[in-house]
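2 protein chains.
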Amino acid sequence: MKDDTRFLIIGLGLLGGSYAQGLKKKGFHVSALDIDPDSIDYALKTGLIDQGAVGFDPQLVRQANAVIFGLYPHALLQWIEEHGDSFAPGTIITDVTGVKTGIVSTIQQRLGDRVEFIASHPMAGREVSGVRHADCSLFLPANFIITPTSRNSEAGIQFVRQLAELLQFRHIAVLSCQQHDEIIGFLSQLTHVIAVTLMNVREQPHLVDYTGDSFRDLTRIAKINDALWTELFLMNKQNLLREIDDFAAELAHFRQVLQQEDVQEMQRLFRQSTQRRKQFDK
Amino acid sequence: MKDDTRFLIIGLGLLGGSYAQGLKKKGFHVSALDIDPDSIDYALKTGLIDQGAVGFDPQLVRQANAVIFGLYPHALLQWIEEHGDSFAPGTIITDVTGVKTGIVSTIQQRLGDRVEFIASHPMAGREVSGVRHADCSLFLPANFIITPTSRNSEAGIQFVRQLAELLQFRHIAVLSCQQHDEIIGFLSQLTHVIAVTLMNVREQPHLVDYTGDSFRDLTRIAKINDALWTELFLMNKQNLLREIDDFAAELAHFRQVLQQEDVQEMQRLFRQSTQRRKQFDK
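Line by line, the protein sequences are chains A and B.
Position 28 (the first sequence) corresponds to 28 in our numbering; numbering is contiguous.
Position 121 (the second sequence) corresponds to 121 in our numbering; numbering is contiguous.
In short, the hints are calculated from the structure, not lab data.
Because the structure is a prediction, the values reported are computed rather than measured.
Keep in mind that the hints are not guaranteed to be accurate.
Put simply, identical chains are the same to the list, so a pair is met inside one copy or across any two.
No farther apart than 20 Å at their CA atoms in a straight line, the calculated lysine to aspartate or glutamate pairs in the EDC-like style are these [stated by the list, open to error]:
hint	residue 1	residue 2
1	Lys237	Glu261
2	Lys278	Glu127
3	Lys26	Asp50
4	Lys24	Asp41
5	Lys45	Glu81
6	Lys278	Asp213
Start from the sequences, fold in the hints, and give me the full structure.
Take a look at the structure:
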């Protein structure tokens, strides 16, 4: 990656803003587009970006060597549909989207071979949104997944890998779009479904006086962006339905073990979960 | 509570040891019984206790004004059955047990009116066990629940409340044994079932390379003491079965909403879980 690479961030929210912060810290030129004048104002005033514009600005787009989309899935697809011809030839483009199968091939077909769209997913987030919460330190403990297709070049993959390295992600992995969506269906989407369900199953405001850390831990992510996650779930519907079914079947097994007071099997399940979980300790 | 109250801790594990540490810090005389010579040795050498004995010691029991049981449920019941007559008249006795309905009345009947057994539950724990991990600072953010019955006196309840206050628990609540076990079935036991189930549903050691914080948060408590929690679950079986059923029904509702792509209802569920969870923020 050349030192004079000019980055453009389209969609300056929590993630877009954190990318901007991390790239500026490394000395890169960063500009941004956002539909919210407030976000652009804030980012210019605080030095998160060098240049910015509200809505669409053909000149900023044409001047960029590398573009990072921080938009919601449908907004990303719509932007590409409308403005996909505005990039300079050779521009490298990536995103932050939490699902891949439904969007990557559509975007690559629309963009053709003049530019390279190489999809990626930073596994980082907060229960808050907006550029005012931008903080590139949230990448330090996080995984980063690159999801190339047959249309991508080694140079393109390498560029996004370098981007993740300079943003100091903890671990960088390469998966197909299908693998990514299966794994995300389990690790991220199913866990959000469980947290939301646990919070919705009963309304008892006074429970806060009796709770230990367990319930707090399991429901932290029940504070969820309703518009974004509805899009993500629907775009990964088949994978998520299968994950819910697998989990429900395992839960039904535990219920039966408890019902039958099968002490041996219950203890085996506890030892298995204990052993498996230890691998996830940081 | 008198300054010269002599405490005896029976079962010197993580919780028993943490009680000992907290009581010693406040200047009380603390002795302990444990079946493990190592635990007693360690506690004597490090000053967690003033006196200790391995197994049963009638003199230490008779000298105590206040007794705290840190045993597993069945071991507690067995100890009371065998040695229930060894307390001095007027001794006040409490416990740390995570279920109440199945044990409190049994213990109170066995002990009669010579002494007072007033049950309580410190909602604190770690994924480690043993006196070497004793740390009374784990009580600072924790809730404490007192579960009196009709056999308990105001003075008895007041004594255990003072105990919780001097150990610096964040919040002290009084519930019936039935209320306690219902609430614990939801807040603590169901959450452990979910974490264990999520960890058991698939064996994919490489998943650690792709995970975000969500999966780690939801499975932290999947590291679980198999012997203790099997006892706790079986002693609260009916409540826990009902909690599993309610959760499974709510999960099935979410599945249907996703299957039918009911965007309105999905977003309503997300907004509801977000709003409810905000009440649990510390």
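Each hint, compared with the structure:
no., hint, verdict
1, Lys237 to Glu261, "between (36 Å within a copy, 9 Å between copies)"
2, Lys278 to Glu127, "between (26 Å within a copy, 11 Å between copies)"
3, Lys26 to Asp50, "within (13 Å within a copy, 59 Å between copies)"
4, Lys24 to Asp41, "within (17 Å within a copy, 58 Å between copies)"
5, Lys45 to Glu81, "neither (31 Å within a copy, 73 Å between copies)"
6, Lys278 to Asp213, "both (19 Å within a copy, 15 Å between copies)"
Comparing the model with each numbered hint stated earlier shows that hint 5 is the single one that does not hold.
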